[in-house]
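Note that the protein sequences, when read in sequence, are chains E and G.
Counting from 5, one number per residue, gives the positions in the first sequence under the working numbering.
Counting from 33, one number per residue, gives the positions in the second sequence under the working numbering.
Calculated directly from the structure, the hints in this document are not laboratory data.
Don't take each hint at face value.
[Stated by the list, open to error] In silico lysine-lysine, DSSO-like type, Cα no more than 30 Å apart, as pairs:
| id | chain 1 | residue 1 | chain 2 | residue 2 |
| --- | --- | --- | --- | --- |
| 1 | G | K89 | G | K103 |
| 2 | E | K62 | E | K113 |
| 3 | E | K62 | E | K116 |
| 4 | E | K26 | E | K116 |
| 5 | E | K116 | E | K53 |
| 6 | E | K53 | E | K81 |
| 7 | G | K46 | E | K113 |
| 8 | E | K53 | G | K89 |
| 9 | E | K113 | E | K81 |
| 10 | E | K53 | G | K103 |
| 11 | G | K89 | G | K46 |
| 12 | G | K89 | E | K113 |
| 13 | E | K81 | E | K116 |
| 14 | E | K53 | G | K41 |
| 15 | E | K113 | E | K26 |
| 16 | G | K41 | E | K113 |
| 17 | E | K113 | E | K53 |
| 18 | E | K116 | E | K73 |
| 19 | G | K41 | E | K116 |
| 20 | G | K103 | G | K41 |
| 21 | E | K62 | E | K73 |
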Amino acid sequence: AQSVAQPEDQVNVAEGNPLTVKCTYSVSGNPYLFWYVQYPNRGLQFLLKYITGDNLVKGSYGFEAEFNKSQTSFHLKKPSALVSDSALYFCAVRGAYSGAGSYQLTFGKGTKLSVIP
Amino acid sequence: NAGVTQTPKFQVLKTGQSMTLQCAQDMNHNSMYWYRQDPGMGLRLIYYSASEGTTDKGEVPNGYNVSRLNKREFSLRLESAAPSQTSVYFCASSRQVEAFFGQGTRLTVV
Numbered sequence: 005a006q007s008v009a010q011p012e013d014q015v016n017v018a019e020g021n022p023l024t025v026k027c028t029y030s031v032s033g034n035p036y037l038f039w040y041v042q043y044p045n046r047g048l049q050f051l052l053k054y055i056t057g058d059n060l061v062k063g064s065y066g067f068e069a070e071f072n073k074s075q076t077s078f079h080l081k082k083p084s085a086l087v088s089d090s091a092l093y094f095c096a097v098r099g100a101y102s103g104a105g106s107y108q109l110t111f112g113k114g115t116k117l118s119v120i121p
Numbered sequence: 033n034a035g036v037t038q039t040p041k042f043q044v045l046k047t048g049q050s051m052t053l054q055c056a057q058d059m060n061h062n063s064m065y066w067y068r069q070d071p072g073m074g075l076r077l078i079y080y081s082a083s084e085g086t087t088d089k090g091e092v093p094n095g096y097n098v099s100r101l102n103k104r105e106f107s108l109r110l111e112s113a114a115p116s117q118t119s120v121y122f123c124a125s126s127r128q129v130e131a132f133f134g135q136g137t138r139l140t141v142v
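Pulled out of the complex, with its shape left as it was, chain E reads as follows (with noise of 0.2 Å):
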């Protein structure tokens, strides 16, 4: 079974400090992994995904992940970060295919991201 782990319920880093979310995952076969970003009381937005190739994944908003395969890890990261960036973080990985265009989503616990002025 498919699996992601968040090690950090919550983040606190200072505006314009570099900020680092942790994911760490487990699938059968080649990963498709995913950043998505929920504001308070809104569904989640899609930030960033890896499907294959460059290992440096920019998206949304200056964020950026790094996929790792060795150690099973694609950590969000973003050079300096901004009060706005403040939110809960979610980390997800794309399951075995099943036909007809669908897959299993499996997502993380989430990290509340503090950004401190």
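Guided by the hints, dock chain G onto chain E, whose structure is given.
Frame of chain E, contents of chain G only:
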């Protein structure tokens, strides 16, 4: 540019009542999903539909039923609501890779 639309946004039910959560997408996606979000649990898959006319159980299907009415619509039904079903419910759709989510339905069962 609606994307994925869920109704209602909020609902309070008494134990034992039934209700249907509605979801519609206008992106011509084949696959649709229902998740529930609980504090500290992340998102857990309830049911999904690979295409019109097919549905499959996810991680936590007990107490729920679904209907893929057509390509656009995927509804979630609680036949006899229980307090353990108090949660925020999200519908999502996808074509091939990433999923797109609705704004959620906050359901409270008292």
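Evaluation of the provided hints:
| no. | hint | in the structure |
| --- | --- | --- |
| 1 | K89/G <-> K103/G | holds (18 Å) |
| 2 | K62/E <-> K113/E | holds (23 Å) |
| 3 | K62/E <-> K116/E | holds (21 Å) |
| 4 | K26/E <-> K116/E | holds (11 Å) |
| 5 | K116/E <-> K53/E | holds (20 Å) |
| 6 | K53/E <-> K81/E | holds (13 Å) |
| 7 | K46/G <-> K113/E | holds (28 Å) |
| 8 | K53/E <-> K89/G | holds (25 Å) |
| 9 | K113/E <-> K81/E | holds (18 Å) |
| 10 | K53/E <-> K103/G | holds (25 Å) |
| 11 | K89/G <-> K46/G | holds (25 Å) |
| 12 | K89/G <-> K113/E | holds (20 Å) |
| 13 | K81/E <-> K116/E | holds (14 Å) |
| 14 | K53/E <-> K41/G | holds (28 Å) |
| 15 | K113/E <-> K26/E | holds (12 Å) |
| 16 | K41/G <-> K113/E | holds (23 Å) |
| 17 | K113/E <-> K53/E | holds (18 Å) |
| 18 | K116/E <-> K73/E | holds (25 Å) |
| 19 | K41/G <-> K116/E | holds (23 Å) |
| 20 | K103/G <-> K41/G | holds (22 Å) |
| 21 | K62/E <-> K73/E | holds (17 Å) |
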